[in-house]
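Asks: With the hints as extra help, turn the sequences into a complete structure.
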Amino acid sequence: MRAQLLSFDFSTGTIFFLLMIALIIGIFAFNTFTSNRDEIPFELEFVLSNLENNVRFAPVSERFLTNYRVDKDKLDAFALSHSGSIDDFLIGTFEDSHGIGISPDNYDGCLYFRDDNGPIAINQGQPEEVVALGETKSGSCDSHIIGNQNPCSDDYSTALALFEPVLMDYHDVSENKIVQLNMVLCQI
Amino acid sequence: MKKGYVFTIDLAIAVLILFVGLVLFFYNAPSANDSTYITSQLSQDVVGVLAATKISDLCTGAGTSSCNCPNYPTLEPMCQTVVTEDEDNLLAHTAKTLSFGSTSADEYKALIKEIFVEKGVIDETRFGFSILYKTSVSAQPQSLYHSEVDS
Numbered sequence: 001m002r003a004q005l006l007s008f009d010f011s012t013g014t015i016f017f018l019l020m021i022a023l024i025i026g027i028f029a030f031n032t033f034t035s036n037r038d039e040i041p042f043e044l045e046f047v048l049s050n051l052e053n054n055v056r057f058a059p060v061s062e063r064f065l066t067n068y069r070v071d072k073d074k075l076d077a078f079a080l081s082h083s084g085s086i087d088d089f090l091i092g093t094f095e096d097s098h099g100i101g102i103s104p105d106n107y108d109g110c111l112y113f114r115d116d117n118g119p120i121a122i123n124q125g126q127p128e129e130v131v132a133l134g135e136t137k138s139g140s141c142d143s144h145i146i147g148n149q150n151p152c153s154d155d156y157s158t159a160l161a162l163f164e165p166v167l168m169d170y171h172d173v174s175e176n177k178i179v180q181l182n183m184v185l186c187q188i
Numbered sequence: 001m002k003k004g005y006v007f008t009i010d011l012a013i014a015v016l017i018l019f020v021g022l023v024l025f026f027y028n029a030p031s032a033n034d035s036t037y038i039t040s041q042l043s044q045d046v047v048g049v050l051a052a053t054k055i056s057d058l059c060t061g062a063g064t065s066s067c068n069c070p071n072y073p074t075l076e077p078m079c080q081t082v083v084t085e086d087e088d089n090l091l092a093h094t095a096k097t098l099s100f101g102s103t104s105a106d107e108y109k110a111l112i113k114e115i116f117v118e119k120g121v122i123d124e125t126r127f128g129f130s131i132l133y134k135t136s137v138s139a140q141p142q143s144l145y146h147s148e149v150d151s
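Line by line, the protein sequences give chains B and H. Take the first sequence: its position 139, counted from the start at 1, is 139 in the numbering used here, and no numbers get skipped. Take the second sequence: its position 151, counted from the start at 1, is 151 in the numbering used here, and no numbers get skipped.
Worth flagging that the hints you see were computed from the coordinates, not collected in a lab. The beta carbon of each residue, even a glycine, is placed where N, CA and C say it ideally should be. Among the clues, some could well be false.
Unchecked claim - Below 16 Å or equal to it, Euclidean Cα-Cα: the simulated EDC-like pairs (lysine to aspartate or glutamate) are:
id	chain 1	residue 1	chain 2	residue 2
1	H	Lys-119	B	Asp-116
2	H	Lys-3	B	Asp-9
3	H	Lys-119	B	Asp-115
4	H	Lys-113	B	Asp-116
Stated by the list, open to error - Partial pick of chain H residues on the chain B-facing surface, computed with a CB cut under 10 Å:
id	residue
5	Lys-3
6	Val-20
7	Gly-21
8	Thr-39
9	Thr-53
10	Asp-57
11	Asn-68
12	Pro-70
13	Asn-71
14	Tyr-72
15	Lys-119
Replies: Listed below in structure tokens is the structure:
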């Protein structure tokens, strides 16, 4: 009788335990699967437009992006002036710009350009030469892009990538090309 | 004493179940941290860059028989037929030569592939894309480029 009682209790407990685990894992997995999608604000679709708008408030010599055209000389000048974080230009506001209604506090961003030869050097040949602008918690974007690594480390919940085709204008027909502007946003 | 032994084991199992449940409930598993691509504006961007890029940005001698496009050889036949400044962007010139039928479909496919695929602007292994156009003659959109067919 006692053995039956113990066996019954043990088996009931085991079944209940397994059901609870299945239930909790199911709830947890479902939330994990959907929550990331819900957490991506729709405004992020407009970060590239936000960058172009914010750059308009920079000095004339640094307004590198206008209507799908990137002025290489002005891009180099912009890179010299902004060697650290550029989150204000990507996500936030700069000077009197209106932004897209998202605070840059929850994001770290990287900006770089690629063509068929790989990442495009900015300030090429100079001591300040880089291939990417911006920084994340794990260091400069440049060091990650050069090493073909994801700049968004485990400190972030999501990595968001955007790109658009732009004309890289070197003011030289032999070098001008339509290239890929890339932006990586690391969401905290 | 044996009754107490059974009830104590029962209590211990119940506490264990509760503890494991609470741990699972509050445990925050690390996410895979995969990159999510946002491409909802890409089609607009393709059209935009074609409109913003002048043929004279990519070629010398536009509108002459000696037109030379160092980085885009497939553009040279079309470059020779540029007449006015209004035509001096890829989108406008493409539309004009399409409507007059002065450039073959294969030449356009080669141009699109050279600009966007071969130069690494759009990775066809990740993104398939098509470019369609409509004319005043045909009600149905015609395919100018389709990555699945041409890859």
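Asks: Indicate, hint by hint, whether the structure satisfies it.
Replies: Comparing the hints with the structure gives:
{"no.": "1", "hint": "H:Lys-119 x B:Asp-116", "result": "holds (5 Å)"}
{"no.": "2", "hint": "H:Lys-3 x B:Asp-9", "result": "holds (13 Å)"}
{"no.": "3", "hint": "H:Lys-119 x B:Asp-115", "result": "holds (6 Å)"}
{"no.": "4", "hint": "H:Lys-113 x B:Asp-116", "result": "holds (13 Å)"}
{"no.": "5", "hint": "Lys-3", "result": "holds (8 Å)"}
{"no.": "6", "hint": "Val-20", "result": "holds (7 Å)"}
{"no.": "7", "hint": "Gly-21", "result": "holds (5 Å)"}
{"no.": "8", "hint": "Thr-39", "result": "holds (8 Å)"}
{"no.": "9", "hint": "Thr-53", "result": "holds (5 Å)"}
{"no.": "10", "hint": "Asp-57", "result": "holds (5 Å)"}
{"no.": "11", "hint": "Asn-68", "result": "holds (8 Å)"}
{"no.": "12", "hint": "Pro-70", "result": "holds (5 Å)"}
{"no.": "13", "hint": "Asn-71", "result": "holds (5 Å)"}
{"no.": "14", "hint": "Tyr-72", "result": "holds (8 Å)"}
{"no.": "15", "hint": "Lys-119", "result": "holds (5 Å)"}
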